[in-house]
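Using the sequences plus the hints, can you model the full thing?
Here's the letter readout for the chains.
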Amino acid sequence: MKIRKTSLLFFLGPALFVVALFYIIPLFLSVYISFTPMVDWNVNRYLTQFIGLQNYERLFHIVMYDPDMRAVVITTVVFVLVTLVINVFGGLLLALATYFMDEKMSAAYQGLWLLPRMTPIAVYSLLWYYFFHSSGIGILNSILLKLHLIDHPIALGLDPKYLPWGAWFIIIFVNGLVGVSYGMIIFYSAFKSIPKELIIAARVDGASTTRIIRHILLPLTKWHFTFVMVWQMFSLLMTYAQTFLLVEWRVVDSTWGQTWALYVFRTAFTTTKDQGLAAAASTFLSIIGIVLGIIALKALGYEKMILEPKGDI
Amino acid sequence: MVSIRLDKVTKRFGKVVAVNNVSLEIEDGKLYVLLGPSGGGKTTTLYLIAGIYKPTSGRIYFNEKDVTDLTPAERNVGLVFQNYALYPHMKVYDNIAFPLRLRKEPKSKIDSKVHEVAKFLRIENLLDRYPHQLSGGQQQRVALARALVKEPSVLLLDEPLSNLDALLRVYIRAELKRMQQDLGITSVYVTHDQSEALAIADKIVVINKGIIQQEGTPEQIYENPRNVFVATFIGNPPMNIVKGTVLEDGTIETTGSRLTPPPAVLEKIKRLKLKNILMAFRPENAVVSEHPMEGRFSPMGDLFEVEPLGRDAVVTVTVGEFVIKVVMPTREAMQLRIGSKVHVNIDPSTIKYFDPNTELNLEYIEA
Ligand SMILES: Nc1ncnc2c1ncn2[C@@H]1O[C@H](COP(=O)(O)OP(=O)(O)OP(=O)(O)O)[C@@H](O)[C@H]1O
Ligand SMILES: [Mg+2]
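Chains as they are written, first to last, in my numbering: chain A, -8 to 304; chain B, 3 to 369.
Worth double-checking, as some hints may not be accurate.
[What the hints assert, rightly or not] Once the Cα atoms are required to be at most 30 angstroms apart in a straight line, the calculated BS3-like pairs of lysine-lysine come out as:
id, chain 1, residue 1, chain 2, residue 2
1, B, Lys343, A, Lys187
2, B, Lys93, A, Lys213
3, A, Lys187, B, Lys270
[Claimed, not checked] Some, not all, of what chain B presents toward chain A, calculated at C-beta under 8 angstroms:
id, residue
4, Ile54
5, Leu72
6, Ala75
7, Leu81
8, Phe83
9, Asn85
10, Ala87
11, Tyr89
12, His91
13, Pro101
14, Arg105
15, Pro108
[Said to hold, decoys possible] So the derived label-pair ranges between C-beta atoms look like this:
id, chain 1, residue 1, chain 2, residue 2, range
16, A, Pro186, B, Asp195, 18 to 26 angstroms
17, B, Val325, A, Thr200, 52 to 60 angstroms
18, B, Gly139, A, Glu94, 35 to 43 angstroms
19, A, Thr200, B, Glu309, 53 to 61 angstroms
20, A, Thr200, B, Phe324, 53 to 61 angstroms
21, B, Glu309, A, Pro186, 38 to 46 angstroms
22, B, Leu72, A, Pro186, 19 to 27 angstroms
The set of hints was computed from the structure by calculation and includes no laboratory data. No residue lacks a Cβ here, since even glycine has one placed at the ideal position from N, Cα and C.
What follows is the structure in C-alpha cells.
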C-alpha cells in the first residue's frame, strides 16, 4: 500500500508541530545558549555574542575546585543510583505482590501506590514538608519525641550533624515513593500478559511460587526490566521539581540536597541567573544521560530483542 | 495403574456453575474423552482432576485415595494444553527437563530421561531449538514429551489437536491413541470435535452446561443417544429430529405420513401418556427417492439441496416444517431434481423415540 505524502503530513503534522515547538526548538536553543555569555535573561544583549566553549571551561573549573559543586556531583550519583534501585526493585516487588493477589485487592493496593503520582507535585511536596519539618510540628519529629528517641526536634535535612545522609535520605525517600508506581504498573501488566497456561503448566510441573517467579515471570519480562531501568534512570537524572520545593522551603540543605538537574534550574532561574553556565551544565547532563542510556541498553542486550526474529509458526 | 473417581463434584466461579454435581469413574489405563460444546465445562473438569482448581464441593479420588486437597505436583499428572504452553524462553531440552529439575533429580538421570522420551516421540533432533522455531505439530509433541517425562499417573489433554490442520489432526490422533495404549496410561482427553472423540475414545463423556449428558462407549453414544442434546451433537451431520402426534390407534402421524412404532415403544408412550413424540434417525439410515420404498417409513417433502462430498452426498429435504439431511451415494443423489417432490425412506428399526417434555430417549426411561 502506498501512502501519499500529503495525507501523511495531514495526520502527522499537528504532532510534529508540537514536538518541534516544545522539544526540538528548546533543545537547540539551550545548546545554543550554552555558547553565549547570557545572564539575567538579557536576550537582546547576549544572544548574538558567541563565546565558544567558555561556559564549559567554567563549568569544568567549578566542578574541579568548588567543594559545593563537588557535593552536587556526589549527591547526583548517590541520588540516581539509590533511587533507581529502589524504584526498579520496589516496583518489581509491588508488581509481584499484586500479581499473586486476587483482582480486587491488587487494584486497591495499586491505587494506593499510585496516589503520590496522582497528587500534584506541590501538594505532595507540602506533605513531606510537614513530615520532615525541623520544628516540633514536623510529624517525624513529633513521633520521635513521643517515642522518646530524641529530646528536642531535629533538622534531619539541614543540621550539619546529619549531612549529607539526612538530606540524601529525604530526597531519595520522597522521589523513591513517587517512582515505584511506574515500575509496578509496567511489570504488573507485563506479568499479566504472560499466558495463564504457562503459570498453570509450571504449577503442574511442580514449581513453587518462588520458582515460578524465578523461572517464568522474571525471564519473560527481561525487556520490561531493561526498559524501566533505562527510563527511570533518565527521569531521575532530569527530575528536580520535588527536590526544588524541599530546598526552597528549607527542608533539605541546598548543597547536599541539590542534584545536577536542580543545580541547572537554580543557576538559570534563582541563584546566579547565569543562563550560559546553566545551559552548558544542562547540555553536559544530556550527554551523560545519553551515554549512560546507550551503555545500559548495550549491557542488557536490548539490540538483540529488536533484531531477534520472532517466527510465529 | 490409576483409576479416577469424581464424587458429586461441583465447581462455581461466582454465579457461574461451571461443573454441576458431576460423578464419574475413569477406569485404569483407559482413554476417556470429555466431549461437549464451548463453555460446557470440559476444561474446568480437567483442571479439577489435575488439581489446578479446588472443587466447591465434592471429592476426587485416585485409586480410592482422596486427592482433593493435593497439589497438581503431588497428584503427579501430566497436562497438555491447547496452546501447548511451552516455556518460550527455554529450549526444547529445558522445557522437557523442567519438571525433573524441579524434582531435583540427578543431572545424568534427567538427561537420560529427556532423551528417552524425545526418542519415543521422535523429537530428538529438535532438542536444541526454541519453541518458536517449531511447527505446530512439533510443538504439540514437545508439550506431550514434557507431560510424559514425569511418568505421570494420569495424562490430561485439553484440546491438544485443535491448533493443527485437518490432515495432521487425523494423523496425530491415531498416533496419540497408539501411544496411550502402548503406555497403558489412564488418560482424559478434552475435545469439542465429535469425530475426534468417536475415533479415539474408549469411553466418551458428553458434557454440556456443566452436567454429564451421557457416558458410554463411542458405539453406545452414537447408536443410542440418551437425550436430544447428544443426538444432535454427535454425528456429521447429526441425527434428524421429527416431531409426531400420537393417534388413538397407537400410530404416529407426522407431516401426513403414518408409522406404527415397535410394541415396547408404544407401551412406554401409553404409560407416559404422551400426546406428541420426537423421532430421531441418522442421516445414513434413510434414502431419498422419487417413490416410496417398501418396508420403510416414507414421509414426503421437497428436495432442497444436494452436496456431493466424493463417494457420498448430503441431501437436504424439507418435510413440512422439518429440515432433514440424508447421506446417500452421490451417484443416486445426482439423479434427483432440486425442487421436486421426493420421499425420505427411513429404516424404521433405526428410529429412536424421545419424550418431548424431558427430551430423554424412551429406551433410557425405566420401564
Ligand atoms: N476462571 C474462571 N473464572 C470464571 N468463570 C470461568 C472460569 N473458567 C471457566 N469459567 C466459566 O465456566 C464455564 C465452563 O468453562 P470451561 O472453560 O470449562 O468450558 P470448556 O468446555 O472448556 O469450553 P471451551 O470448549 O470453550 O474450552 C464457562 O461458562 C466459563 O465462562
Ligand atoms: Mg476449554
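Note to self: What's the verdict on A:Lys187 and B:Lys270, does the C-alpha distance respect the 30 angstroms limit or exceed it?
What the structure shows: violated, 51 angstroms
Check: Holds or violated: is there a CB of chain A closer than 8 angstroms to the CB of B:His91?
Finding: holds, 5 angstroms
Checklist line | chain A contact restraint on B:Phe83 - CB to CB distance below 8 angstroms | finding: With Cβ-Cβ at 5 angstroms, under 8 angstroms, it holds.
Check: Given B:Ala87 was flagged as interface, is its beta-carbon under 8 angstroms from a beta-carbon of chain A?
Finding: Because about 4 angstroms separates B:Ala87 from the closest Cβ in chain A, which is inside the 8 angstroms limit, the hint holds.
Check: Holds or violated: is the Cβ of B:Leu72 closer than 8 angstroms to a Cβ in chain A?
Finding: violated, 12 angstroms
Notebook entry, point to check: Regarding the hint that B:Leu81 lies at the interface with chain A, is the smallest CB-CB distance below 8 angstroms?
Noted result: B:Leu81 check passes; min Cβ-Cβ to chain A is 5 angstroms, inside 8 angstroms.
Margin query: Is the interface hint satisfied for B:Arg105? The criterion is a beta-carbon contact with chain A at less than 8 angstroms.
Written below: holds, 6 angstroms
Notebook entry, point to check: CB of A:Thr200 to CB of B:Phe324, is that within 53 to 61 angstroms?
Noted result: Holds, since A:Thr200 and B:Phe324 (Cβ atoms, about 57 angstroms apart) stay within the stated range.
Next item on the list: Compare the distance between the alpha carbons of B:Lys93 and A:Lys213 with 30 angstroms, and conclude whether the hinted pair is satisfied.
Entry: The hint holds at about 17 angstroms.
Check: Taking the closest Cβ pair, is B:Asn85 under 8 angstroms from chain A?
Finding: B:Asn85 check passes; min Cβ-Cβ to chain A is 6 angstroms, inside 8 angstroms.
Check: Regarding B:Gly139 and A:Glu94, is the given constraint of 35 to 43 angstroms on their beta-carbon distance met?
Finding: holds, 36 angstroms
Margin query: Please check whether B:Val325 and A:Thr200 have a Cβ separation lying inside 52 to 60 angstroms.
Written below: holds, 55 angstroms
When held up to the earlier numbered hints, the structure conflicts with 1, 3, 5, 15 and fits the remainder.
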